[in-house]
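Produce the entire structure from the sequences given, and follow the hints as far as they go.
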Amino acid sequence: MKQKLFKNYGIGVGIRSPHVMQFLNEVPKSIEWGEVVSENYMNWQSGLKPKAFSNLEKMREKLPVALHGVSMNIGSADPIDADYLKRLKELANSIEPIWISDHLCWTGVDGENIHDLIPVPFTKENLKYLSDKILKIQDFLGQRILIENVSSYFEYTNAEMTEWQFIKELTEKADCGILLDINNIYVSSINHSFNPIDFLKSIPLERVGQIHLAGHSVKDGYLIDTHDQPVCEEVWKLFQWTEQNLGFFTSMIERDGNIPDWRELEKEILRAHEIRNGVKSEFAKKITASI
Amino acid sequence: MNSLKKLQLQFKEAITKNFEPEFLNSLPLRETAQFSKIQRLKVYQNAYFLRIEESLEEDFPETFELIKKTKGDLRSQLRKFLKENPSKFNNLGEYSQIFPLFFDVKNERDLYESANFEWKKCITFTAHHKKAIDIATLSQYSEEEILTLKMELHPAVQLATKGDHLYLLYRADSEVTTDKIDLNSYKIIDMILEGLNISKIVERISSPEELFRIFAMLSSRGLIVGIQK
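These protein sequence lines map, in sequence, to chains A and B.
According to my numbering, the first sequence holds residues 1 to 291 in order.
According to my numbering, the second sequence holds residues 292 to 520 in order.
Heads up, some of the hints might be wrong.
Pairwise CB distance ranges (calculated) [unchecked claim]:
(1) A/R60 <-> B/K520: 30 to 40 angstroms
(2) B/R370 <-> A/G47: 29 to 39 angstroms
(3) A/K62 <-> B/E494: 45 to 55 angstroms
(4) A/E125 <-> B/K520: 38 to 48 angstroms
(5) B/E435 <-> A/L85: 43 to 53 angstroms
(6) B/I424 <-> A/D228: 20 to 30 angstroms
(7) B/Q325 <-> A/H273: 46 to 56 angstroms
If you only want the chain B side, here are some residues facing chain A, beta carbon under 10 angstroms, derived [to be verified]:
(8) L295
(9) T307
(10) N309
(11) P312
(12) Q325
(13) R331
(14) K333
(15) A338
(16) T417
(17) I437
Worth flagging that the hints you see were computed from the coordinates, not collected in a lab.
All figures in this text were calculated on a predicted structure; none of them were measured in a lab.
Even glycine gets a Cβ: it sits at the ideal position worked out from N, Cα and C.
Here it is, written out as structure tokens:
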């Protein structure tokens with residue numbers, strides 16, 4: 001068994017603006033770490049420094065924080081956005097996050113941003129292109145980054161491998177980590193008719209740094225990754241399966257739209273704890289029985 | 292042009308502006324009996340438009356109302372804006388700065404003023420906090436030195452015009468505050484924001500008392516955050 005590259009920080013949450021005050025006053029006991037969206041705290045392209053940054057500094061004093069970006073645009077044919085990376089590095093230097101993550105996707109091309117996470121072609125040529133790019137990004141940032149699988153609604157005809165084969169090879173070639181979004185796996189499994197367990201089983205576990213749990217919407221028979229609903233039962237089952245079969249990883253609830261009040265959101269965090277504690281108890285029983 | 296760039300340019304077009312079925316069906320996508328290529332692309336097309344519409348609506352609620360009132364069709368105006376001004380920003384919040392300019396170039400004064408005013412409010416809301424200084428510290432400088440000083444205002448301070456009125460925008464207790472001000476005050480604050488020193492400002496105004504009145508007003512609101520030589 002290979003040594004895990006990332007520490008397990010426990011169960012956390014994506015900290016969004018409606019709940020920032022909650023965290024500034026006192027970190028809820030159910031939370032062991034938090035994730036923030038990098039772009040909300042980075043200096044703007046115009047140089048404007050957002051006031052939210054000082055809130056992040058204060059939160060960081062109280063708990064471990066991961067930076068999660070949506071605009072690194074790794075999969076784009078455009079070269080690396082040096083200005084973006086510079087601003088991200090400045091933020092990382094001030095905050096000292098537990099890690100930095102972004103998505104396996106492209107968000108724009110030709111200097112224009114679509115502000116969406118569009119899948120990359122799963123080809124050998126792209127594997128080489130992306131691994132070189134990630135290596136350069138990690139070199140610049142001075143740390144290993146985590147790459148998240150996205151939900152997708154289409155597949156390119158030139159695909160030479162499955163998404164999970166691509167992720168395995170890419171992360172090994174680029175020596176980066178994986179942010180495993182279980183909801184995204186589930187959404188794509190329905191939209192492209194595959195078994196989500198096949199995906200989970202093939203992931204190089206030593207590279208998994210973090211797990212996202214989120215909700216989605218159902219539209220005309222397909223699923224859309226809206227992050228505006230509670231985590232669905234199928235995704236909870238996949239999380240439990242992951243904990244039982246693959247081990248425990250830093251995990252969190254991600255909610256970006258329709259954000260409920262803290263008490264409501266915390267119910268999902270408590271459920272994640274409950275699943276984890278349940279799986280640990282099962283293990284303990286098995287160990288006791290085997291002695 | 293490499294094949295990846297060619298592919299991505301095609302998809303960018305399909306998501307942002309070319310919704311012709313013939314073009315969408317020509318894209319190299321897998322199709323299933325369950326969902327056609329067009330249905331699959333529509334998810335991205337809708338998301339692109341809705342995400343940006345929501346972000347703009349959050350920043351420009353009054354301008355949205357004004358567009359509905361004066362133009363009737365908000366959606367077609369927004370689509371036009373998106374087609375003419377694709378985002379080149381990493382952050383949707385920052386992309387909003389282009390919205391007022393869209394009306395400016397079309398010479399739509401009311402919409403421009405409304406959007407520009409709301410954009411300034413966004414900056415006032417977003418800018419980081421700096422602690423105010425005590426204006427009494429000026430007394431440590433000689434008269435000669437005072438003339439060479441530049442005042443640094445809080446990063447949230449903005450000036451704006453709307454209708455016949457001039458405004459000073461700032462944050463008070465974390466809330467965006469908009470105070471109507473007179474033309475002299477507007478000009479003087481503008482000169483401070485431009486980075487002119489006290490000597491240069493005095494040269495351009497009719498009475499030094501005006502300047503002291505403005506300093507006192509800015510200081511009482513905690514908006515002077517630095518003095519530079």
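Hints, one by one, checked against the model:
1. Taking the beta carbon of each, A/R60 and B/K520 are about 35 angstroms apart, inside 30 to 40 angstroms as hinted.
2. About 31 angstroms separates the C-beta atoms of B/R370 and A/G47, a value consistent with the hinted range of 29 to 39 angstroms.
3. Checking the proposed 45 to 55 angstroms range against A/K62 and B/E494 shows it holds: the Cβ atoms sit about 51 angstroms from each other.
4. About 58 angstroms separates the C-beta atoms of A/E125 and B/K520, a value inconsistent with the hinted range of 38 to 48 angstroms.
5. For B/E435 and A/L85, the Cβ-Cβ distance of about 47 angstroms falls inside the hinted range of 43 to 53 angstroms, so the restraint holds.
6. The hinted range of 20 to 30 angstroms is not satisfied by B/I424 and A/D228, whose Cβ atoms lie roughly 44 angstroms apart.
7. A hinted range of 46 to 56 angstroms for the beta carbons of B/Q325 and A/H273 is inconsistent with their spacing of about 37 angstroms.
8. For the restraint placing B/L295 at the interface with chain A, the shortest Cβ-Cβ distance is roughly 4 angstroms, inside the 10 angstroms limit, so the hint holds.
9. Among the interface hints, the one on B/T307 holds; its C-beta lies about 7 angstroms from the nearest C-beta in chain A, closer than the 10 angstroms criterion.
10. Interface hint at B/N309: violated, since its Cβ lies 14 angstroms from the closest Cβ of chain A, which is beyond the 10 angstroms cut-off.
11. Hint status for B/P312: violated, given a least beta-carbon distance of 16 angstroms to chain A, over 10 angstroms.
12. The interface hint given for B/Q325 is met, as the beta carbon of that residue sits about 7 angstroms from the closest beta carbon of chain A, less than 10 angstroms.
13. Given the 10 angstroms rule on beta carbons, the hint for B/R331 holds: about 4 angstroms separates it from the nearest Cβ of chain A.
14. Among the interface hints, the one on B/K333 holds; its C-beta lies about 9 angstroms from the nearest C-beta in chain A, closer than the 10 angstroms criterion.
15. The interface hint given for B/A338 is met, as the beta carbon of that residue sits about 6 angstroms from the closest beta carbon of chain A, less than 10 angstroms.
16. Contact between B/T417 and chain A, as hinted, is supported at the beta carbon level, the nearest pair being about 5 angstroms apart and thus within 10 angstroms.
17. Look at B/I437: its Cβ only gets to about 29 angstroms from chain A, farther than 10 angstroms, so that hint breaks.
Going through the hint list in order, the structure does not satisfy hints 4, 6, 7, 10, 11, 17.
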